[in-house]
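Be aware that the sequence shown starts at 10, since it is given in my numbering, and climbs by one per residue.
Calculated directly from the structure, the hints in this document are not laboratory data. Fair warning: there could be bad hints in the mix.
FRET-style restraints, in silico, Cβ to Cβ [claimed, not checked]:
1) 55 x 79: 17 to 25 Å
2) 55 x 24: 13 to 21 Å
3) 23 x 85: 40 to 48 Å
Here are the simulated SDA-like cross-link-like pairs (lysine to any residue), alpha carbons at most 20 Å apart as the crow flies [said to hold, decoys possible]:
4) 36 x 21
5) 36 x 55
6) 36 x 19
7) 36 x 13
8) 36 x 25
9) 36 x 47
10) 36 x 24
11) 36 x 46
12) 36 x 83
13) 36 x 20
14) 36 x 63
15) 36 x 71
16) 36 x 17
17) 36 x 85
18) 36 x 56
19) 36 x 22
20) 36 x 12
21) 36 x 26
Beta carbons: idealized from backbone N, C-alpha and C, even for Gly.
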Amino acid sequence: MCLAVPVRVERLLDNEMAVVGIGGLRKEISLALVDGVREGDYVILHVGYALTRLDPEEAERTLALFAELAARLDGREEAER
10 MCLAVPVRVE
20 RLLDNEMAVV
30 GIGGLRKEIS
40 LALVDGVREG
50 DYVILHVGYA
60 LTRLDPEEAE
70 RTLALFAELA
80 ARLDGREEAE
90 R
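I would like the entire structure built from these sequences, with the hints used as guidance.
So, in structure tokens, the structure goes:
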């Protein structure tokens, strides 16, 4: 199974690279596959590459769903202890 997640571009770097953020984490990724990315844009990230730009509202909805899933899983782990 493959997982691609929305991330926000925080800083553009040289050589078609950028720093993105998700959940307080920062990661350097390649923008070589996507044209016209600017700071503040959301992109779909898969194995270190941005695959496409994403509408900010859609990105926020997806990230909210991930946060809800994580909270539910954390609650389930607590109950199992």
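Hints versus structure:
no.	hint	result
1	55 x 79: 17 to 25 Å	holds (19 Å)
2	55 x 24: 13 to 21 Å	holds (19 Å)
3	23 x 85: 40 to 48 Å	holds (44 Å)
4	36 x 21	holds (12 Å)
5	36 x 55	holds (12 Å)
6	36 x 19	holds (10 Å)
7	36 x 13	holds (14 Å)
8	36 x 25	holds (14 Å)
9	36 x 47	holds (16 Å)
10	36 x 24	holds (15 Å)
11	36 x 46	holds (16 Å)
12	36 x 83	violated (24 Å)
13	36 x 20	holds (10 Å)
14	36 x 63	holds (18 Å)
15	36 x 71	holds (19 Å)
16	36 x 17	holds (10 Å)
17	36 x 85	violated (29 Å)
18	36 x 56	holds (11 Å)
19	36 x 22	holds (12 Å)
20	36 x 12	holds (16 Å)
21	36 x 26	holds (10 Å)
Against the hints set out earlier in the document, violations occur for numbers 12 and 17.
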